[in-house]
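Asks: Residue 404, in the working numbering, is where the sequence shown stops; the numbers in between run on with no holes.
In case anyone wonders, no lab produced these hints; they're calculated from the structure.
Quick caveat: nothing in here was measured; it's all calculated off a predicted structure.
Be a bit skeptical, because a hint or two may be false.
[Stated by the list, open to error] List of simulated lysine-lysine pairs, DSBU-like, C-alpha gap at most 30 Å:
#1 245 to 232
#2 172 to 49
#3 128 to 238
#4 175 to 232
[What the hints assert, rightly or not] Taking CB as the label site, the calculated pair distances span:
#5 178 to 278: 18 to 28 Å
#6 42 to 139: 58 to 68 Å
#7 80 to 180: 55 to 65 Å
#8 14 to 162: 18 to 28 Å
#9 297 to 185: 56 to 66 Å
#10 17 to 89: 35 to 45 Å
#11 181 to 204: 32 to 42 Å
#12 275 to 300: 43 to 53 Å
Glycine included, each C-beta is placed from N, C-alpha and C at the ideal position.
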Amino acid sequence: MSPGLASASSNASHTDGFRPKFDSSGYRFDGRSYGAGASAGLIKIPNASVPAWYKYYEVGLKTETTCMRNESAAFSIGYAESDDAKFRHEFTSSGTFANGVGVPGHYPMLAPQRQDIFIWAVGHAAPNMPSANKTLVSLAVDTNTTADVWDFHQFDRVQCELTFEATNFSIMVNATGKTIKVTDNGSVPTPEWANVVLKHLDDPFSRYSGNDRIVYGSQLGHSIVLNVNQLRMLPDFKDDKSDKTLFQGLKDYIESLFDNGVGMLSATRLIGANQTVEAPALVGLPAVTYGKPAFVYALLGINCLILLVFLIEATRTHFWRGMAKLQISDVGGVIVAASQGGDALAAKANGKTKRDIGEITVQLVNSGDETREAIVLSERMGSVRDDGGTRRSSDTVRLVPLPARAYRDD
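Could you build all of it, start to finish, from the sequences and the hints given here?
Replies: This is the structure:
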């Protein structure tokens, strides 16, 4: 079991309520995980390539922790060698759990300073009665030190008891937001695998103290202190140095540690051993939804209005037949198109006097400077040529702007 679980539990009492899932899936638990929901992000939902969410039920173990200070605790630190001058302290665990059972030995260890030493022992409450589903945790520190930089002295003679209840959990997975919500759905009979799981949890957790790097202080002790201090920043526990806050922070830490441990074992079975079990699930798939009737009717009205304008314009222009072809790069074509179809200018000018129409000076040429913009009109009927003759219907007229030098101020 990775020591990283201990570091992850140092945020068990944080304020936002979200805790990262202990894998690379990117999911987070909204509240406690209870060791359930390990398949989220690791197992695909059959026949649903991109589910928005899904919900299913899973039987797991709910951990409940109670802590107290036992002044008659028989668990302590035993020194084989203690020399402050040489910064050498060889120690081991000594004593028994509260039920009289001897603590497991995973020592000796060396530490440069006695104040850096923090140990705990984890073991089954009833070794001969595995069905009891209880685990004991005993803590010990050396209080005979003048320095206590990490406040380890506060954990002296503290004991905790963990109970495990088989529970049917409701798992709600938000695949879009990558969050998991685990809800207690009631107790169920203890499954056969429960004792095996607890045995696999107790053993590695009991080794944390023995495998701890204490050169710069106990990392296990540091992570617990960080969580307790974080709890003391919340309004209900603000700067409270009492045992109430200490026990609550320790409770949150241990429960998170065991939750992550159960989840890791489940993930290992899923990925490493491919041990999966089919379970019914309610799956939500992405779909197009309509809004409130008021918005639907408003959009329908706007669309109908657009369609009506389209039909009116199509009728007026005979479905745009006979309109000038518009080429944006041709300035002349743009002017003609803007005149409502090219021949509309002539139709409007027919029968009107020059005074009503106005006039503009143009130069009529058959060919000219191709670099100047021009309007080229196909003549549909004869017109007067510049030489006095009649222009044939196949001729064209090019209307070109005169050069600046062709205009006169008079």
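Asks: If a hint holds in the structure, say so; if it doesn't, say that too.
Replies: Here is what the structure says about each hint:
no. : hint                   : verdict
1   : 245 to 232             : holds (17 Å)
2   : 172 to 49              : holds (13 Å)
3   : 128 to 238             : holds (22 Å)
4   : 175 to 232             : holds (28 Å)
5   : 178 to 278: 18 to 28 Å : holds (22 Å)
6   : 42 to 139: 58 to 68 Å  : holds (59 Å)
7   : 80 to 180: 55 to 65 Å  : holds (59 Å)
8   : 14 to 162: 18 to 28 Å  : holds (25 Å)
9   : 297 to 185: 56 to 66 Å : holds (59 Å)
10  : 17 to 89: 35 to 45 Å   : holds (37 Å)
11  : 181 to 204: 32 to 42 Å : holds (35 Å)
12  : 275 to 300: 43 to 53 Å : holds (44 Å)
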